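Undergrad: Sequence:
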Amino acid sequence: MARKLLILFMLLLWSFPSVSIDFSIPYVTPQDCQANQYFQFSSLRCIDCQTPGQKRAEDMLSCVCETGYKTTSYNGGPTVNCEKCDSTGSSNSTSSYDGSFCINCPENVGTCQNCPANFFASDRSQDGRRLTTRRCISCVGDTIATGVIEKPTCQRCHSSFFIFNDTFCSDCNNVDGYTTSGGICFRETRLLTQPLSDVNDKVKYSDKEILSSFFQQHLKAAQILCSDNSNFTACQLLGNLCVMLEYTQSGNDACKLFTDLVNIRNADEIVNGDNRDWLVVMPWLFYEKSVDNAPQALDKKDITKPFQSSEEMSFIFAVFALNGSFIGFEEGLDVLQLCKDRPSKMAAALKFATTYKSTCSVAVKDLINQPMFLYDMYLVLDQNLYPVPLLVENYLSGNEKVNEGTDRTKWQLTRRFFIVDNLIGRSDNQELKWIRYPEEIELSIRVRSTDGEIYPPMLRIRYKALDVQDEEIKNGNQDASFAVTYEMDTSKIEKDTEIAIGCLSALAAILALVKVSAWRRREGKLEIDGFSFVKFILFSLGTFSTMLFWVAFGMAVYWLIFFKRQKTVSLLLPSESQEKLFLTLLHVTFVFKLLDVLHMLASQVFFDIFFVDWERPQGRVNQPTQAGEAGAMDAPVSIWRTLFIANEWNEIQTMRKTNPELQIFTVLFFLKVAGFEFLATTDPVGIFSANYTTDYIGEFSKVLRFAILSILFLVIEAVQWFFFAFIYERFVGDALGDFIDLCSMSNVSIFILENNRYGYYIHGRSVHGRADTNMWQMNEQLKREEEDLCGKRGLEPNTERQTFEMEVPVKFREQYDDVVRPLRQGDVQLQRRNIPNNPSGQDGRPSRLTPAVEKRIQAYNTLNRFLSAFIDHSLRDMDYLVRDKLLFEHILNMELKELPPPDKAIFYNDDGRSFNSILFYGNEWTLMLFDLLMFAFVDSLAQDFVLAGVITYLVTKALIILRDSFGRKNLTRKTLVDERFLI
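Counting with mature numbering (1 follows the signal peptide of the UniProt record, and there is no 0), you get residues -20 to -1, 1 to 963 for the letters of the sequence shown.
Please note: incorrect hints may appear among the correct ones.
What the hints assert, rightly or not - Straight-line distance between alpha carbons at most 35 Å, and here's what the computed DSBU-like set of lysine-lysine pairs gives: (1) K281 with K320; (2) K325 with K791; (3) K236 with K188; (4) K884 with K949; (5) K281 with K390; (6) K444 with K547; (7) K320 with K188; (8) K544 with K652; (9) K285 with K345; (10) K236 with K454; (11) K184 with K454; (12) K285 with K184; (13) K515 with K337; (14) K325 with K547; (15) K495 with K505; (16) K547 with K285; (17) K505 with K280; (18) K475 with K515; (19) K331 with K280; (20) K560 with K495; (21) K884 with K835; (22) K184 with K444; (23) K772 with K791; (24) K390 with K472; (25) K337 with K280.
Stated by the list, open to error - Simulated restraints on C-beta separations: (26) I941 with K345: 55 to 61 Å; (27) F702 with D859: 39 to 45 Å; (28) T564 with T842: 28 to 34 Å; (29) K472 with D387: 19 to 25 Å.
Hints listed in this document are in silico derivations from the structure and should not be mistaken for laboratory results.
Predicted model only: the values in this text are computed from it and were never measured.
Even for Gly, the Cβ is constructed at its ideal location relative to N, Cα and C.
Take the sequences, apply the hints, and build the full model.
TA: Set out below in structure tokens:
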């Protein structure tokens, strides 16, 4: 039965509608209250004064009895009891100035308010006794040593000192069973529920505790006046003392006493209906009863106003003195900024979606002398106040600083805070030992929708304690910072990014497979080996880096456009923690591209190349033999044409379609001089110039810096490429075209094997049969070509096509390797210094060359004859075919047809000069992207465009030097061209 009742009870609880707590509060100031209302600062409301006989006090913070009414009871709380004087109308009487009794008006004055000049109306004699009739006298003394207030010179003592009767003010400390606390006389038995010795008056500063004289003087009085009399100021004071403990409970301290009082209050004392954390007479300090945990308070959706970009937000602070007195309201965020600057700069903190940060060093002496106040922070919207939760990082739950972590379920949200504590840290002798100040303040605002709506803002504070007895600390400075940060849920963006990375990575893997398949065919590999796997990884790095760059570029440009151009705020820049995904993506992309460039560089300095000289001897010459006899032999062919072509080839190896120096200089010009870098600030406005002396310039976003840099880099690169391709090459000079023409005029072809069975052929055979001519004959040849009086330069008859891709059979490669093997043996420079073993050279001529060099020269001549015969179709068991590539073969850059026959090579017609793939010229995109990523990588670390540009320039130059150095050595090793001729 009991089990069924329990289940029924749980079902009833489940079906009971949940209560939605509205934290909005009407924004009311004391001036907004009506004439018969006072401002109840504990609840920030206007409350009616009870009538008849009551009116609002001059400070507008309480009700007092009207003139003609005496105060029968008032304890500083919401209740004031007044009694009318002369209720029967039988005599002319009024209330005393202190409102404690009624007094007759003097007959010779006529009214109760006027007295002759130099006289003061008095309700008491000089010894403090009540008068039956008000006198106009000159005050010459006082009643008790309580000071002088307004008109009367003798002030009535506090009602708590009337121990024996209501006309005699007793000396509280000399009466048994009574004691004073905070200027109030109390019975010791009713002062506190705990023994006096159990109350904790200690305050912890850093790792030390001190006995605070302020706590000793005021804690006990504040507790009893708040508990028994609901005294507004006393309750505020008790709450302030809890704030000064940084909300940490330790025994019977101020926070324990405060929470005990909150827990016993009645439900009808709640402010604003449902907020049970905020009682009418008590300050609201903790988020405990009204919500289950911090996430529910921070994720509330009460604020429905859509904010516009750069719209000025309105914040207000309820200001209290340490003793609990209400000071008033203060608008803006200047309260939170210890770093004072120009008002125009400080006002930027209020602009919505502007990430604001200011840091400075504050003199400790200024903190010591600064007035001390406590604050409750509110967001003002449509004349309503929305409380701003506070997260004090110094708060301790047990021994753990739970507010420093990221687990919001452990957070303890609070409300009230102070900017400087220079009163609590005094000992019994009133000597100031410790102060506290907020070394970091951060106002965090989260956008919750694409319409500019926000969650409740949250204020985060971390206090730092300073031992001012240390003269070095007292006379020094301390760092302080204030920041306004904005964040939004980027999980959807992160998810979309992950999807884009996944999809494009799959595409990159497919492209890498295509590349490695083409490479394996061109290398003639039939089985998958370890090196094939390594090449797949290297190709993957290149394709992955390109794909990841476009993902990072898309993310950055998306944030740039929509953040800077939005009106209603729907997108915020990622926070520092949220930037990690983007920066990780950028750094991985750079590393992949760096490895891709090194792979490209390695492939360009180890290929096989040979210059085929078509020139034939012109007649025979007599040459003495070793025996001294004259003999006829073929006239030697000049090597200078080959050396000239080799030198020109060496020069174009590092030539690019764009100028890297101009590229970097122009990018820096637009960034630093034209002011494009200011588009990368965290402000939601687009500016190209700023005055740091008058305006606030937000920090630079790493995401936006990458976006601006990438856009400028790509645009300038595109402009350079367009100018080079469509203007310079057409009307000024085409370096590759000129080089091919030079080959034809020099009668030298170039045979290149990039892979084992794949390469390029540049046909340079002269249509005139010979090129070793004088100036007159050379001009004659050029004239004949202009008038079309000779054949075409192309490999095939009547064609102009001179460049080809080629795929050679295994048999060709084996014979080629057999011939060039002597060319690859030994070091040419070393061999040149060796003493020859055989003074007889080729054809019996005297020679001082070593046998190794003789063999290399012989191999060179043999290879020249072999390739010449091959191109001329003169080899019986080896030939080639010329065909066009299919469209997909061009797109994929691989051969799709079956392998050529064992004795046939395939020459593919090439209209795009594909041999430039083994030069920098044909890898412009790879090199440009590497330059861009290098620039962005350095800038992401140093946040300095100039430094990034300089380093990028140096790295670009280093690559050119490496390519040129290793390219020279490869050219020397593969063609027998002495490196001294490569100038």
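Undergrad: Evaluate each hint against the coordinates.
TA: Status of each hint after checking the structure:
no., hint, in the structure
1, K281 with K320, "holds, 34 Å"
2, K325 with K791, "violated, 78 Å"
3, K236 with K188, "holds, 20 Å"
4, K884 with K949, "holds, 32 Å"
5, K281 with K390, "holds, 21 Å"
6, K444 with K547, "violated, 40 Å"
7, K320 with K188, "holds, 31 Å"
8, K544 with K652, "holds, 19 Å"
9, K285 with K345, "violated, 43 Å"
10, K236 with K454, "holds, 33 Å"
11, K184 with K454, "holds, 19 Å"
12, K285 with K184, "violated, 42 Å"
13, K515 with K337, "violated, 49 Å"
14, K325 with K547, "holds, 22 Å"
15, K495 with K505, "holds, 14 Å"
16, K547 with K285, "holds, 14 Å"
17, K505 with K280, "violated, 65 Å"
18, K475 with K515, "holds, 31 Å"
19, K331 with K280, "holds, 22 Å"
20, K560 with K495, "holds, 32 Å"
21, K884 with K835, "holds, 29 Å"
22, K184 with K444, "holds, 12 Å"
23, K772 with K791, "holds, 31 Å"
24, K390 with K472, "holds, 26 Å"
25, K337 with K280, "holds, 26 Å"
26, I941 with K345: 55 to 61 Å, "holds, 59 Å"
27, F702 with D859: 39 to 45 Å, "holds, 43 Å"
28, T564 with T842: 28 to 34 Å, "violated, 56 Å"
29, K472 with D387: 19 to 25 Å, "holds, 23 Å"
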